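J.: Sequence:
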Amino acid sequence: QCVLVAPPKGFFFFFLYTYLSTSDMGEMTVNGKNGTCADFAPNAHPQKPKHVEERGNWATKAEFILTVMGAIIGPGNVWRFPYLCYRNGGGVFFIPYILFIFACGIPLFFLETALGQYTSQGGITCWRKICPLFQGMGYASHLIISFSATSYITILAWAFFYLFSSFSAELPWATCGHYWNTGAYLSFHLPFIHGLPPSPTPLPPHFTRHRVLNISSGIEDLGSLRWELVLCLILSWVICYFCIWKGIKSTGKVAYFTATFPYVMLFILLIRGITLPGAMDGLVYYLYPDLSRLSDAQVWMDAGTQVFFSYAIGLSFLTSLGSYNTFNNDCYKDCFYLCLLNSGTSIVAGVAIFSVLGFMTYEQGVDISEVAASGPGLAFIVYPRAVAAMPMPQVWSVCFFLMIILLGLDSQFVGLECLMTSLVDLFPSYLQRGHRRELVLLAICCTCCSLGLLLVTEGGIYLLQLLDHHVCSGTTLLLLSLCQSISIGWIYGTDRFYGNITEMIGYRPHPIMKYCWRYITPFICFVCILFNFYVIAFTYVYPLWANILGWFIATSSYLCRIKADSLSERSAVYAHVQWGFVETISIRSWNAPRISLVQTGINSIY
Numbered sequence: 001q002c003v004l005v006a007p008p009k010g011f012f013f014f015f016l017y018t019y020l021s022t023s024d025m026g027e028m029t030v031n032g033k034n035g036t037c038a039d040f041a042p043n044a045h046p047q048k049p050k051h052v053e054e055r056g057n058w059a060t061k062a063e064f065i066l067t068v069m070g071a072i073i074g075p076g077n078v079w080r081f082p083y084l085c086y087r088n089g090g091g092v093f094f095i096p097y098i099l100f101i102f103a104c105g106i107p108l109f110f111l112e113t114a115l116g117q118y119t120s121q122g123g124i125t126c127w128r129k130i131c132p133l134f135q136g137m138g139y140a141s142h143l144i145i146s147f148s149a150t151s152y153i154t155i156l157a158w159a160f161f162y163l164f165s166s167f168s169a170e171l172p173w174a175t176c177g178h179y180w181n182t183g184a185y186l187s188f189h190l191p192f193i194h195g196l197p198p199s200p201t202p203l204p205p206h207f208t209r210h211r212v213l214n215i216s217s218g219i220e221d222l223g224s225l226r227w228e229l230v231l232c233l234i235l236s237w238v239i240c241y242f243c244i245w246k247g248i249k250s251t252g253k254v255a256y257f258t259a260t261f262p263y264v265m266l267f268i269l270l271i272r273g274i275t276l277p278g279a280m281d282g283l284v285y286y287l288y289p290d291l292s293r294l295s296d297a298q299v300w301m302d303a304g305t306q307v308f309f310s311y312a313i314g315l316s317f318l319t320s321l322g323s324y325n326t327f328n329n330d331c332y333k334d335c336f337y338l339c340l341l342n343s344g345t346s347i348v349a350g351v352a353i354f355s356v357l358g359f360m361t362y363e364q365g366v367d368i369s370e371v372a373a374s375g376p377g378l379a380f381i382v383y384p385r386a387v388a389a390m391p392m393p394q395v396w397s398v399c400f401f402l403m404i405i406l407l408g409l410d411s412q413f414v415g416l417e418c419l420m421t422s423l424v425d426l427f428p429s430y431l432q433r434g435h436r437r438e439l440v441l442l443a444i445c446c447t448c449c450s451l452g453l454l455l456v457t458e459g460g461i462y463l464l465q466l467l468d469h470h471v472c473s474g475t476t477l478l479l480l481s482l483c484q485s486i487s488i489g490w491i492y493g494t495d496r497f498y499g500n501i502t503e504m505i506g507y508r509p510h511p512i513m514k515y516c517w518r519y520i521t522p523f524i525c526f527v528c529i530l531f532n533f534y535v536i537a538f539t540y541v542y543p544l545w546a547n548i549l550g551w552f553i554a555t556s557s558y559l560c561r562i563k564a565d566s567l568s569e570r571s572a573v574y575a576h577v578q579w580g581f582v583e584t585i586s587i588r589s590w591n592a593p594r595i596s597l598v599q600t601g602i603n604s605i606y
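For the sequence shown, UniProt numbering gives the first residue as 1, with consecutive numbering after it.
Please keep in mind that the hints were generated in silico from the structure rather than gathered at the bench.
This structure is a prediction, so every number in the text was calculated from the model and none was measured.
C-beta: ideal position from N, C-alpha, C; glycine also.
Accuracy of the hints is not assured; some may be wrong.
Unchecked claim - So the derived label-pair ranges between C-beta atoms look like this:
hint, residue 1, residue 2, range
1, Met-280, Leu-544, 17 to 27 Å
2, Lys-61, Leu-442, 22 to 32 Å
3, Ile-98, Met-392, 31 to 41 Å
Claimed, not checked - Taking lysine to any residue and the SDA-like style, the derived pairs with C-alpha atoms no more than 20 Å apart in a straight line are:
hint, residue 1, residue 2
4, Lys-333, Ser-168
5, Lys-246, Val-440
6, Lys-61, Ile-505
7, Lys-246, Phe-257
8, Lys-246, Leu-442
9, Lys-249, Cys-445
10, Lys-333, Leu-442
11, Lys-246, Gly-91
12, Lys-61, Lys-246
13, Lys-333, Cys-445
14, Lys-333, Ile-486
15, Lys-514, Ile-486
16, Lys-249, Asn-57
Based on the sequences and whatever the hints tell you, model everything.
T.: Below is the structure:
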């Protein structure tokens, strides 16, 4: 039973009582909002302003699983992992890859998901509850999401262009005689994505170079807009907007199709690939182990960066999506299943891709090293040429590019959904009223689409490579992951966080997680960061001003902070007294010891 305390007699004491009860130090909060005694009563609900919509939860657990699947399983599983496996010793690559999964991938995946589920907050405001000093990590990750959303959707525009071209009577890249063919074979490779060195290919990618992109001489010559790509870019943004314009109510429903249908396409391509002549030769190149490569440090670094990249660690995706779970959802098991599904998809995609590359080498009589490629070069040059040599090439081309579009579309609109989740949590009383959320989302999409027009110019490919290398590379994700491990493992405390997780799922996870968060994961992240500071040789040499611009954009995410230096920052490493899932705050506060509202140390209790 809640006992109401009357204010002291006298105007001065009443004023002093009112001031202290509403000051920043003395206020009690419920889910980030000021609360009264009634808010913390066991049978009461937190008071909410009128006409403010509920934050909501996933309608079913399947929506959460499928949405996370869409976020972490993207085009990189198809065009990056298979090439890394082939380049780094075939089946031997699985040894460091699996070690990194259990030492870094699953622990950090679980950390971010559990953090979002327990705080019921997005990727920015969750750190206000855990460790306010590290709130800048949330802003940094969302700045990276903004850059990524602007740049990587360009690849979706390319895929739409190829998809529409696949409906012609004859695939336009299958034969010569078109106006974009130069009559000579070019040794050209698209600027690579995600830090993988380019390799020349003997194939004639005239369609990609002259018809799709019409690449200019350099970054200083952006040229004109490619209007067909502009229309495809606008189409991509329109689809993304309507996938998430109603929040998780629409995102969860769309994920039923966008997260499952790519597996149908992948299964079709897999069956077709392994039945082609020469497919077994490609699989031998893909999986045959070369044990001598284990002594190569580059193999281990590639395995580590692939795990961080493919699991979407450090981007706050998992925190925002996990915040819509019910409090007692068993996120521990969910994370294991999702991580294993992600890695299994990469392995199966490698079988589908290299069986087709084996067929390609069989038909052309060349070594597979001459056709194996990574990144967009595989998706938009090598694989289309292989498809053109199959019977009914239009069917297989449509299947492949439809799979690429759906894989990329998932990651794109989930990133936007996470961005909007954090904005709504920052300004709930404003964005949860009327149609303000939809209007803000529309403004973000229009702004990003306008900036993305630079990437569909004739020199846009150089800008895309610059953004990818400096902003969206593995180094930024490694740095954010390192900070996350330090904040939970050393500042907030692993034992304390384990107690929070036990409160949610009803049992304690395996103790190895604590050692990963405190020791193993930070060490691996630090070593990978040091190893990634090397100069990459591009086929195109960027001018000095372009490199300066790239580094400026890259460091902009590292410099995020929330306030000026002051003595109050000493308390910013302490968790908030009242924090956690909104439905449990009232009960926890009612049963907790009556302690001071000012934390006295890192290990203080609720």
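J.: I'd like to know which numbered hints this structure contradicts. Please list them from smallest to largest.
T.: 1, 4, 10, 11, 13, 14
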